[in-house]
Every structure is written in C-alpha cells, then in structure tokens.
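Trainee: Quick mapping for you: the protein sequence lines, in order, are chains A and Y. The working numbering numbers the first residue of the first sequence as 1 and each following residue consecutively. The working numbering numbers the first residue of the second sequence as 1001 and each following residue consecutively.
The set of hints was computed from the structure by calculation and includes no laboratory data. Note that this is a predicted model, so its numbers are computed, not measured. Any given hint might turn out to be false.
Within a straight-line C-alpha distance of at most 25 Å, the following computed DSS-like cross-link-like pairs (lysine-lysine) qualify [as the list claims (entries may be wrong)]:
{"id": "1", "chain 1": "A", "residue 1": "Lys-532", "chain 2": "Y", "residue 2": "Lys-1025"}
{"id": "2", "chain 1": "Y", "residue 1": "Lys-1011", "chain 2": "A", "residue 2": "Lys-234"}
{"id": "3", "chain 1": "A", "residue 1": "Lys-305", "chain 2": "Y", "residue 2": "Lys-1041"}
{"id": "4", "chain 1": "A", "residue 1": "Lys-568", "chain 2": "A", "residue 2": "Lys-414"}
{"id": "5", "chain 1": "A", "residue 1": "Lys-212", "chain 2": "Y", "residue 2": "Lys-1025"}
Simulated coverage check for chain A against chain Y, where a stretch passes if three residues somewhere in it have a Cβ under 8 Å from a Cβ of chain Y [unchecked claim]:
{"id": "6", "region": "205-213"}
{"id": "7", "region": "216-229"}
{"id": "8", "region": "283-289"}
{"id": "9", "region": "435-442"}
Just a sample of chain A residues kept apart from chain Y, beta carbon distances all over 10 Å, derived [unchecked claim]:
{"id": "10", "residue": "Glu-235"}
{"id": "11", "residue": "Glu-457"}
{"id": "12", "residue": "Arg-587"}
{"id": "13", "residue": "Pro-628"}
All residues carry an ideal CB built from backbone N, CA and C; glycine is no exception.
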Amino acid sequence: MYGWVGKILKINLTSQQAETESTEPYIDKYIGGRGIGVRLVYDHYVPGTDAFDPANPLIFSMGPLTGTAMPSSGRTDVTALSPMSNLRAKSNFGGYWGPEVKYAGFDHIVITGKSEKPCYLWIHDGKAEVRDATHIWGQDTFETQRTIQKELGDPEIKVVCIGPAGENLVRFACLITEVAGAAARTGMGAVMGSKNLKAIAVRGSGKVRVAKPDEMLNLSLDVNREIREHPACKELSNWGVVRFISMMYQLSFFPVGYFEDVHWEDIINNFGGPNYVERFQTKNVGCFACPVRCKNFLCVPEIGKGFTTCEPWSGFTGSVWNLDMDIFWEAITMANRLGLDSTEVSACIGLLMELNHEGIISEKDTDGIAMTRGGKEAILKTIEKVAFREGFGDILADGQKAFAEKIGKDAVEKLDIVKGLAPHPYEFRAYHGSALMQAVGHRGDPLPLRGSLIEFEWHNAPEWFQQVAKAQFGSEEAAIPSSYKGKALAGIISEHNERVADSLGICTWPYTLFIFHDVTKAWQFFQVVTGKDWDIERLLTTAERIRNLERMFDVRQGISRTDDCLPKKFFETPLSRGKYEGAILDRKEFEGMKDDYYKLRGWDIETGIPTREKLVELGLEDVAGQSPGKK
Amino acid sequence: MIKTLIVDAEKCSGCRACESYCALKHEQYCSPSRGRIHVVKWEQEGIFVPTNCMRCEKPACEMVCPRRATYRNFLTGAMQVDAFRCIGCLSCVFACPFGATFVDQDSGSVLKCDLCDGDPTCVKVCPTGALTYEEISKEAYLKIMANADRIPVLVKKAVGED
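In isolation and in its complexed conformation, chain A is listed as follows:
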C-alpha cells in the first residue's frame, strides 16, 4: 500500500493485550485520519458508556499523507467520547508524533480498558509494550517526556502525554507533545488519565511508500516554494498570529472578557503581543516538514521557554482582561506543563471574572482569591487549582456548568457554552456566518473554518472578498459579516474541506485556511502519494459521508436541532461599542440560516437529523436507525 502503512493497532490496557487490524477495508469509504477515526469510534463506542469508563475508546488517527515529504504533513486526529459534551470528541495536534507512529508501522491506535497501575505505552517498529509509569505519575508534561526519553535511552523518541490535570480527570485536560503541541479541546487528557495512561512514546525506522515518487518530489518542491512565497506564510513564519490579534480586536472579531462588551480600547491600543515577541522570540518553529512555522518560540527569563500560537494570544489576554504579557506567558507555560486546554481554562477564568464583576460570586466562593478582571492571582491560581482539583478548582475542573450550578441560578444564566464547551472566541453577534458554523458544528468549538475567516478578511477589501466568496461559496454575501445569506453553503463547503485535510493527516492552516483556500493541492498530493485516481469530487463526497457519520454518532447520543444553538446573550444583548456597535443576532434569521444548512445537507429540518435518504445515498444505511424518513 502507498501512503497508508496498513495497520490499526488496538490495545486493551485491562488485559494488556494488543492486536492489529488492516486499515485497507476502511479506506474507500473514510480515507484515513479523522475519517477512519470517526468510523472506529462509532463502531467501538457502546452507547451509554461513560466517558471515564474503561470501555470508552481513545483513538489516534494519522492519514495517508502524514509523515510524507509534503509541506505541513504532521497532523494527528484524536477522538473518543468527550467527558465535556458527552458527544464525539475531536481534537487534532501537530508536531512530530504522528509521522513517527507511521514510521513505527501504524495508521491508527485504538486504546481501550484501564491499567491497574499508572502506565505508558511504548510503540516501536511494529511492537507495542505497556510499561510502568508509577514513577512518572505526577510529573508535568515537560518532565514526562524527558523522563521517558532518558529511560528508553533515545532522545528522538516522540511522546504525547498528559500532565497532572489529566491524571486528576479535569474534564478539559489536554494532551501535550513537545513543549506546546496540544490536542487541546474536548478533554482527551482526562480520558487518557481515566485509563491510567500517562503517555504514548513512539519511535520508528519504517517508511511511508509513495506511488509516484518522482511526481511527488516535483509537486512537493513546487508547493513548498509556493507556500513560502505566499504573504500569509511570510507573516506567520516571522510573527505567528500575533500581529493579527490587534486587528481582530479592532474589528470586534475577538470578544473581550467572557463575550462581554467588545472594543476594549486598552487592548486595541496597548496589546503587548508583538512587542513581547520582538523581545523574547528566539525563532519561529513549526510541525513536521512545515514551512509555515506559525509558533512563536519564546524564551522569557524567570518564566521559561516554550511556544504558542493561535488562541492563547487572546485567551490569556483579552478574555481575562489582562494586558501584562508576563502573566500571559506564565499562564500559557503553566497550562502546557499541567496539561490544560488553554481555551477552556481561559474561558473558565473569564466566567469567574464576569460573575465577580456582576456581584454573583465573591472571594468567599473562590478560596479567598478575588476574581478581579485581569488579576494576576485570579488567573494563575485558578489554573493551578483547577489542575490539582484544589478548593473551588475541584468544582471548576468538572466544567463551567458544574461550577455555575453550584453557585446558583444567576450564575447558570451567565453561562456561554455550546455543546458543553467554551465556544470559539469569535464575536457571533457581528459575524453571522461564523455564528451559524459555530452553532451547527460537530463540537462546541468547530472553528476556525474558511467560511468564517473570510468574514474577517472581508474588511481588508470588501469587493475582492465578495468575488472570492462568490467563486468559492456561490454567493457574494457569504463574505459579508452582517448578512445572513449564503452562509449555509459556505459552512458546508468549509466543513468538507476541513474533513479532507484532517482525513489526509495534513494541516488545515495551509491547505484550507491561509495559503490554499480549497483542497485542490491536497488532492494532488493524495493522488501521487497513494496512486489512487480518485477525482476531487470523490474526496469531497467522502468528507460529506464523514460529516454525516459524525452527526449520527451525536444523534445516537441524543443531539438534535435544539442543541445547535448559541448562548442567549448573542440574541439579547447588542454590542454597546466598537465597529459593530448595536450588532445582535436576529433569532429568526439565525434559525433561517440553520434551515438552509439542514436543507442543503439533506437533514431533517425539524430535528436536524440526517434523513435516511441522505444516509443511504452516502452508503451509511447501517447507521440510519434513528433517521427520519422511509425505511
């Protein structure tokens, strides 16, 4: 086989037995990576099983392009039942771990059961071994990786692991590889912790075979050059995302605090990110074979080294009313070392600050720590207390909702969560396509998607981006933030593109979001690597199948149209200031966008459940049990 290495590794930690299954039977219908991962979780998860039950399967998925000589081919998709949403979990991380798993001989790893004692997995060249981790339990994610590399005598071993937060079953604990490569969202660290599994160490000397090596090399050299010459790559590889952040605040794309009154002059005028990068960045780093290098590697005396990208830049600044960049860096470093999802933990802190500001809680509710906006203690102590489940952190570790319920009705009213998670931090009152894509998304935080980012980019050159939207999404209005039109199709196309990239095991950033806006390039690589002559339509239809199967997993968990919603704040409280002063979501228009979305998807409008006809059309009749429509 070309591209795929051919085996799915299945490990039961209770019986300590390993077996393998062939990848091949899944390929035609699900490609690989995320797609096969979805099929595996659908088949291996038994409805009714708790997320922390040993039977909850934790699945790591690499795609046919992972670990190839293709730019940005280092991604791994992770799924299980999420302990945050009780729906299908979905998280994705980069770095060097996924390629190494393929060189060790596996496309996927399915982990079930629970070890009696803390353990870690050691996977090398086709073999899997369960090893004792009693002495590593309690170590942070940095130490854990070093300890394992030392113990096994090879510094090139790649490790993905949990920190104390995962061990303590904090529901939004993440997985970490290297210094900050995180499978952050949906609580995969907690699932791993519930299995007494501290880490998975991998090393392989194998290969990924290529069907057309000469064509592959030529294509890859061309694409590599094209990416590097692209302005977005130039920006990201020098600055990461940090210089975009001020713009996003200016355009009310990023909310401030807990989705509070946007347009905080202080952060627009005094966001210290770019300056901090200039002072402390040693270089930009990236994932496997990636020229984009979106991660700022910072070395801050007294606090430490590490890298960051994307959400923490706003999560630990604007979302928690903080302008002190040292606090920002300390918070990130702590979250990474302890193994906490930065997005969720910063939203938790934002919630506490909002509740405190509104007088709903006082320092008595938070172990004597005043949750003042931007307070250093409030930010850093909360991270620590959550990770170690101390005091109020023990309740917050079960999620924002658990904490709010403990406080009372007023606090529950304030919650901004979608499907159990903090939503992606975009301002949905002003950006309506983003609102739709957030609401119908497969998890509480399904963004960023191309159809959403184009609403932000639109401000740079409205007419140009309207033409772009017309060409890609069939409607100029898809690019206009305040419009409710054309958003459903933009969402669907974006969702499909994302699934293609995730299923091939490559990064969505260059291949769907910032450099190439559709999957043509990814498809060309798919052909030369795997030798399969699928046309692009077939890849996209497969993506549609994957999306429908994901939905059916969640339907089996009880989801329906009413769960595709946003917090009521977005419909009731207009923005009071800023560029989008007065913006608000109109509920009728919003529901109308959902109608369009379900209609275009072939889902039942009443329930939001894929119809039997749709599932049959996609070859998914075996999961159509709960579908409306004729039998």
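Given the coordinates of chain A, work out where chain Y should sit on it, guided by the hints.
Mentor: Positioned in the frame of chain A, the structure of chain Y alone reads:
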C-alpha cells in the same frame, strides 16, 4: 569556485523537511531516518542542529575504507560511496568525527550526502535558510566581512563615542 552545503544551525526550526525530502529523492519513499542529513533536536530548548557531511580535506571515511569504496566526486566535492565496492563494514560511519555518515537501519547500507550532484534538494526546501549552497570563497568572504564589521563599532565603544 566550488560550491558547498553550509549549515547555519541558529536558523533551523527543526522541521525535518531536509531529511524527509532527501529520503524521497534518494530512496523513492518517505522516511526521514533514510535522509543523508539529520537534525539533532533539543525541542524544549528550541535548539536544532542539522548534521551533514562536511566534505573534509582529509576525509576519515575515505581513509578507513578497506575497499576504497568511498571516493570524492571532484565535480561537486561530495564524498560518495560506490555501492558495488562497499561491503557494509560501516567503518566510515564510525570513523566520521561529525557522525555525518549515516546507515540504513534495515539494509545496513551507508547513506552519504552526494549533494544531489550539485543541486541539493534539502536546500530547496529549507524554509529558514539554515541550509544554503554557496561558493566557498563567497561564504568565507561574507564571514570575514561580518567579523570585520564589528571592529569599528568596538573601537567607537572603546573610545567612548558610541
């Protein structure tokens, strides 16, 4: 003047594209461990050191080879291995003072940088400029200039002009 591959480790981001493309070019499959270049990484420190043949004037690899399988390609300056003469004793691998002669762990064959016959693939894909292919005299001249550039500044500092 002859060109050579120059490594500037300070610029390396550790992405291993060089290893990966090198293997594809020479072995027709993807496997960084088959690269004729290898990046030694300290990920938590952000330090990455690409290691590649230094094409020594008196190459240990050539001197220790009992079959004279290692030879210099005078067109490119690369030290290459004649696969027909090589008996796989790995003397060259262990004699290299830089650890820059590699071995295929499965087949036992020696992996040695041939500079892609004067058009190195790794240089084309290195995103940071950590790997360059330059004329030796030009590179040496740039080093001299970079060094000399510091002198006026130091003199000014010394006399308190700054």
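Trainee: Now tell me if each hint is right for this structure.
Mentor: Against the structure, the hints come out as follows:
1. Restraint check: the Cα-Cα separation between Lys-532 (chain A) and Lys-1025 (chain Y) comes to about 21 Å, which is no more than 25 Å; the hinted pair holds.
2. Of the pairs offered as hints, the one joining Lys-1011 (chain Y) and Lys-234 (chain A) holds, with about 15 Å between alpha carbons and a cut-off of 25 Å not exceeded.
3. Between Lys-305 (chain A) and Lys-1041 (chain Y) the alpha-carbon distance is near 15 Å, which keeps this suggested pair within the 25 Å criterion.
4. At most 25 Å may separate the alpha-carbon atoms for a hinted pair to count; Lys-568 (chain A) and Lys-414 (chain A) meet this at roughly 9 Å.
5. Straight-line distance between C-alpha atoms of Lys-212 (chain A) and Lys-1025 (chain Y) comes to about 12 Å, which keeps the hinted pair within the 25 Å bound.
6. With 7 residues carrying a beta carbon less than 8 Å from a beta carbon of chain Y, the region 205-213 of chain A meets the three-residue requirement, and the given coverage holds.
7. With 7 residues bearing a CB less than 8 Å from a CB of chain Y, the region 216-229 of chain A meets the requirement of three and the coverage assertion stands.
8. A count of 7 residues in the region 283-289 of chain A with a Cβ less than 8 Å from any Cβ of chain Y is obtained; the coverage claim is therefore met, three being the minimum.
9. Counting residues of the region 435-442 of chain A whose C-beta lies closer than 8 Å to any C-beta of chain Y gives 0; at least three are required, and the coverage claim is violated.
10. Against the 10 Å criterion, Glu-235 (chain A) stays outside the reach of chain Y, whose nearest CB is about 14 Å from its own CB.
11. Annotated as non-interface, Glu-457 (chain A) keeps its C-beta farther than 10 Å from every C-beta of chain Y; the closest such distance is 24 Å.
12. No beta-carbon of chain Y is positioned within 10 Å of the beta-carbon of Arg-587 (chain A); the least distance is around 47 Å.
13. For Pro-628 (chain A), the non-interface assignment is confirmed: its Cβ lies about 46 Å from the closest Cβ of chain Y, beyond the 10 Å cut-off.
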